[in-house]
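There are 2 protein chains.
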Amino acid sequence: MNIITISREFASGGRELGKRMADILGYGYYDSEIILKIAENQGMDPNYVENILEHPAAAQIPLTYGRSFSVIHAISTNLLVEQTKVIKEIAALGKNCIIVGRNADVILEEYNPFRIFVYADCDSKIKRCISRAHEGEDISEKYLIKKMKQIDSARKKTKNLVSDIPWGQKEAYDLMVNTSNRDIKTLTSIVASYVTAVLGE
Amino acid sequence: MNIITISREFASGGRELGKRMADILGYGYYDSEIILKIAENQGMDPNYVENILEHPAAAQIPLTYGRSFSVIHAISTNLLVEQTKVIKEIAALGKNCIIVGRNADVILEEYNPFRIFVYADCDSKIKRCISRAHEGEDISEKYLIKKMKQIDSARKKTKNLVSDIPWGQKEAYDLMVNTSNRDIKTLTSIVASYVTAVLGE
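Quick mapping for you: the protein sequence lines, in order, are chains E and L.
The first sequence maps to residues 1 to 201 in our numbering.
The second sequence maps to residues 1 to 201 in our numbering.
What the hints contain is simulated information worked out from the structure, not anything from laboratory work.
In this text, all values refer to a predicted model and were calculated from it rather than measured experimentally.
Among the clues, some could well be false.
Identical chains blur together in the list; that is why a pair holds if it fits in one copy or across any two.
Said to hold, decoys possible - Listed next, the in silico BS3-like pairs over lysine-lysine satisfying Cα-Cα at most 30 Å (straight line):
| no. | residue 1 | residue 2 |
| --- | --- | --- |
| 1 | 19 | 157 |
| 2 | 85 | 157 |
| 3 | 185 | 156 |
| 4 | 170 | 19 |
| 5 | 170 | 149 |
| 6 | 146 | 19 |
| 7 | 157 | 147 |
| 8 | 170 | 142 |
| 9 | 127 | 170 |
| 10 | 19 | 88 |
| 11 | 95 | 156 |
| 12 | 170 | 146 |
| 13 | 149 | 19 |
| 14 | 156 | 19 |
| 15 | 170 | 156 |
Okay, chain E solo, but in the shape it has when bound (with noise of 0.2 Å):
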């Protein structure tokens, strides 16, 4: 069985590869699959899973959601518990797999799983959001470079929780993809050959 784990700075394309590359493997694909299932197993909504799990508040500065912060302290502890078991059952069912974000490279440590970085300049992240963008959203690039900073800034702060190595530092990662002015469809193919290649299928 292979794992792979794809940690990503928001908008660098990091998703698209991942699922891209879950395609062309065959292998299994988990992101947000994660949150379903945590959200089920919880009776909870999994948009609310997904907010608290983003913003975990053992790694933030008390934020309420309208509840007083030792109410949310375990609240997120507990999905945070509830993510780690679901991602070890992800990979306790022995079939090769492709798992987005979520620690799971460290969760998953036992397993040995190849660890993908996926990067990109400032740049080429405000032109995939604003491609990306819906009607009326914002895209002015001072909102977009805030938004950056806050979702990579939760998740260094998440990352902190479970390893002593910083996200997106190299010495946690086998490769590390910058996707600047890169296609990331074509770029899928060429990285999962690499990562065919040095799994020695």
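Given chain E's structure and the hints, the job is docking chain L onto it.
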């Protein structure tokens, strides 16, 4: 014309990867060739040139090598300028090539080189040092770790002379390859395929 630059942690196998990749792709290969050319142009001993360029005075606490700091500073500045000139001359030949180290990625920015960074975990680098050591060489872990830190630290400092992006930081590279526990020969063909595909050959 394609230019591939390889920056690498000491003992990560980056130089071997570069040499093997040049052989696979039929590209020119430049590493110590640059030192020899500078030495020839300046009428200096190649070992002396290499020593100065690996520890340029401008990036170091004064090192005298038996001369005054100001003299060494002038020599090392002159050699850095000469190195830049030689690297630009290589690019101006207009032939596909691979250049290892020496900040060629920054110096040749205008040619849009494909920039690779090669790294590995400490254990793998120690094993690599031991496997390549000459008889009688100090191969104690303590010594090797000290040596790795010293050489990489000098590379960091030398990079700081020419770029705002620190040595080894992902933003400065197109691809970062972790060679830990990998066979360099096998990995080289895989990386070569990646680069060839990205460069659209």
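Hint check:
In this assembly of identical chains, residue 19 and residue 157 lie within 30 Å of each other by CA distance solely inside one copy; the values are 25 Å within and 40 Å between copies. Within a single copy, residue 85 and residue 157 get their C-alpha atoms as close as 20 Å, which meets the 30 Å cut-off; across copies the closest is 44 Å, which misses it. When the C-alpha separation of residue 185 and residue 156 is checked against a cutoff of 30 Å, the pair qualifies only within one copy, where the shortest distance is 27 Å, while the shortest distance between copies is 34 Å. In the homo-oligomer, the alpha carbons of residue 170 and residue 19 lie at most 30 Å apart both inside one protomer (23 Å) and across protomers (23 Å), since each shortest distance falls under that limit.
In this assembly of identical chains, the alpha carbons of residue 170 and residue 149 lie at most 30 Å apart whether taken from the same copy (19 Å) or from different copies (17 Å). In the homo-oligomer, the alpha carbons of residue 146 and residue 19 lie at most 30 Å apart inside one protomer (26 Å), although the nearest pairing across protomers, at 43 Å, exceeds that limit. For a Cα distance limit of 30 Å, the shortest separation of residue 157 from residue 147 inside one copy, 15 Å, qualifies, whereas the shortest one across copies, 33 Å, does not. In this homomeric assembly, residue 170 and residue 142 come within 30 Å of each other (Cα to Cα) both inside a single copy, at 28 Å, and across copies, at 23 Å.
In this assembly of identical chains, the alpha carbons of residue 127 and residue 170 lie at most 30 Å apart whether taken from the same copy (25 Å) or from different copies (20 Å). For a Cα distance limit of 30 Å, the shortest separation of residue 19 from residue 88 inside one copy, 20 Å, qualifies, whereas the shortest one across copies, 41 Å, does not. In this assembly of identical chains, the alpha carbons of residue 95 and residue 156 lie at most 30 Å apart only when taken from the same copy (29 Å versus 42 Å across copies). In this assembly of identical chains, residue 170 and residue 146 lie within 30 Å of each other by CA distance both inside one copy and across copies; the values are 24 Å within and 21 Å between.
Taking identical chains as interchangeable, the C-alpha atoms of residue 149 and residue 19 lie at most 30 Å apart only when both belong to the same chain, with a minimum of 24 Å there against 39 Å between chains. In this assembly of identical chains, residue 156 and residue 19 lie within 30 Å of each other by CA distance solely inside one copy; the values are 22 Å within and 36 Å between copies. Taking CA atoms no more than 30 Å apart as the test, residue 170 paired with residue 156 passes in both settings, with 14 Å inside one copy and 15 Å between copies.
This entry satisfies every hint, going by the numbered hints stated previously.
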